Structure formats: structure tokens, C-alpha cells
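Using the sequences and the accompanying hints, generate a full structural model.
FYI, numbering that gives the first Met the number 0 numbers position 239 of the sequence shown as 238, with every residue one higher than the one before it.
Since the hints were made in silico from the structure, they are not lab data.
A few of these clues could be false.
[To be verified] The list that follows gives simulated cross-link-like pairs (lysine to any residue, SDA-like), each with its CA atoms no further than 25 Å apart:
1) K123 - W49
2) K5 - A165
3) K123 - A108
4) K123 - L145
5) K123 - Q100
6) K5 - T74
7) K5 - G181
8) K123 - L144
9) K5 - L150
10) K123 - A155
11) K5 - L28
12) K5 - W194
13) K123 - V111
14) K5 - A205
15) K123 - A143
16) K123 - L150
17) K123 - E140
18) K5 - F20
19) K5 - F246
20) K5 - R195
21) K123 - L99
22) K5 - A162
23) K123 - V113
24) K123 - D147
25) K5 - V201
26) K123 - F152
27) K5 - F152
28) K123 - S133
29) K123 - G146
30) K5 - T109
31) K5 - L144
32) K123 - V141
33) K5 - R197
34) K5 - T63
35) K5 - L164
36) K5 - C193
[As the list claims (entries may be wrong)] Derived DEER-like restraints, expressed as beta-carbon distance ranges:
37) G159 - L42: 25 to 35 Å
38) L144 - D91: 47 to 57 Å
39) F187 - L225: 47 to 57 Å
Predicted, not measured: the structure shown is a model, and the values here were computed from it.
Yeah, the Cβ is synthetic: ideal placement off N, Cα and C, and Gly gets one too.
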Amino acid sequence: MQMRLKDVRPAQGLRWVRRGFTVFLRHPLAFTAMFAGFLFAALLLMLLPWVGPIALLASLPLLTLGFMIATHGATQGRAPRIAAFIVPLRGDAARRRALLQLGLGYALATFVIVALSDWADGGKFELLQQLLASGNVDAAEVAALLGDGQLQFGLALRFGLAALLALPYWHAPALVHWAGQGAGQALFSSWLACWRARGAFVAYTAAWALVIGVFGIAVNLVFGLLGTPQLVGFAALPGALLLSTAFYASLFFSFADSFGASANPV
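This is the structure we're talking about:
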């Protein structure tokens, strides 16, 4: 692909969401199979002590790149395949080395963010997770914990640093794969593109928040009217899977608009 950094209007962020759903609905089973396959591989990695979590975090840039490759192929009339995750590894040695550097850098940065956030909140986020996963949630205890200033600061630090980390990594794997950039150059180019398109990314984030919110309200309303609110959790899981898959299917369009990469209209 021939690429150059382009100006992106804020309204294009909304179009990325729409195009993501459009291409996903053309191949819902194929895209969902891709995401489910990655989740299965992630579960297997988590069974490995020490090396498993590191390998999982290091593979996340490959997840985004695999979906970008699959989405690009879908806009060209090709069905998405799980083999899209393997395609980047078939490139030349320089590209493979740069992707490995990106993956290891992402894993290291994530561990640093988690360690800093755990230190900042004094372990209260982990306590919150344990309470929510216990199956016997005390609403008053959870509310008191959420009102704790130390936890709130830890959450702000955790999500703020995660958002900052996302900027250099948003386009970096694709820039390595399609533009042949080194890891450092790709990270800088991605950060610059995201900053220049910040209005579009704000619209993109708001649109996804709206989609998720509407889905949650609709599920609760439907099962509430049916008198079976206990089934909300069963509907939420497949819904989250489909929305997550559509999100990953939309990533390529942010890259295409930011760098002028070729994509047929969707």
C-alpha cells in the first residue's frame, strides 16, 4: 500500500463505527469465528504459568493487525479467515522482528501500568474484582468501595495510562505490516496520526459508548418485560462477543482514513 498521513474530519469517527458494523454483518460467522479462536488461544495461554500472561499481552498487537488484514480483505471481496493472524508472520525478517518488538513492548508497558495502578489504589481494585466475582455481591460494600478516593485515583490512573498506551499502538502493527516501518517509527507515526485525528477518535469512542449503552438498556428492558431479569447475563455474553468483534472489524477504517490505505466503499 502507498500511504501518506491525511487530515481526518471528526465525523469520520462515526463512519468508522458504521463501516465496522456493515463489513461485520456481511461475514458475521467468519469474523466471530476469528475472535472466538483468539479467545480460545488466550485461554490456553493463561494456563501457562509466567510465560502465558506475557505471551497473551504480547499477542494483542497481532490481534488488531489480524482483524485489519481480514477487514481489508473483506472490502476487496474476500471472506475473513482466522489465517489472517498468521499472515504477518510470513513477511520478511525485519517486519517479524518489528512486530515482536511491538508485542514485547506492549506487554512490558501493560505490566508497568498495572503495577503503578495497584500501588496507587493499595490493592482496592483487586478487592473490587473479587467482590464482583464472588457471586454474592453486597451492594453497600461495593458502593462504599467505589466511593473510596484511593480506588478512584487508581482507576483514573489505570484507564488514563491505558488510553495513552493505545495511541502509539493503534496503527503501529499495520504500519509495520503494510508500510514496512520499524517499531519505533511505527509507534511515533501512530501517535501522530491519532493526535491529528483526535476529533474523529472522540466521536468514535462516543459512538461505541452509545452502542454499548443502548444494547445494555435494550437487553434489560426486554428481559424485564418478559419477567426473566435473571437471564440478562446469558444474553450479555453473546452480545459482548458480537460487539467486540464488530469493534475489531472497524479498526481498519480508522487506519485507512488516517493513512490513505486502499479500501473499497463499505
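**Item:** Pair hint K5 and F20, alpha-carbon separation not exceeding 25 Å
**Value:** Given pair K5, F20 holds - Cα atoms ~24 Å apart, limit 25 Å.
**Request:** Below or equal to 25 Å on CA atoms is what counts here, so check K123 against V141.
**Result:** 11 Å, holds
**Prompt:** Taking 25 Å as the top limit, are the C-alpha atoms of K123 and A143 close enough?
**Reply:** At roughly 11 Å apart (the allowed maximum being 25 Å), A143 and K123 satisfy the hint.
**Asked** Under the criterion that the straight-line Cα-Cα distance not exceed 25 Å, is the pair K5, R195 satisfied?
**Response** With a Cα-Cα distance of about 9 Å, the restraint between K5 and R195 holds, given a limit of 25 Å.
**Item:** Pair hint K5 and L28, alpha-carbon separation not exceeding 25 Å
**Value:** The hint is violated at about 33 Å.
**Message:** What's the verdict on K5 and L150, does the C-alpha distance respect the 25 Å limit or exceed it?
**Reply:** Status violated; Cα separation ~40 Å.
**Asked** Has the given pair, K123 with W49, been kept, meaning a C-alpha gap of at most 25 Å?
**Response** OK: K123 and W49 at ~23 Å, within 25 Å.
**Prompt:** Is K123 within 25 Å of A108, Cα to Cα?
**Reply:** 21 Å, holds
**Request:** Would you check the hint for K123 and S133, treating anything up to 25 Å between C-alpha atoms as holding?
**Result:** 15 Å, holds
**Prompt:** Taking the CB of L144 and the CB of D91, does the distance hold inside 47 to 57 Å?
**Reply:** 51 Å, holds
**Request:** Verify the proposed pairing of K5 with R197, using a straight-line Cα cut of 25 Å.
**Result:** 13 Å, holds
**Given hint F246 paired with K5 - CA-CA distance at most 25 Å** = Status holds; Cα separation ~22 Å.
The structure is inconsistent with the numbered hints 5, 9, 11, 21, 27, 30, 31, although it conforms to all the rest.
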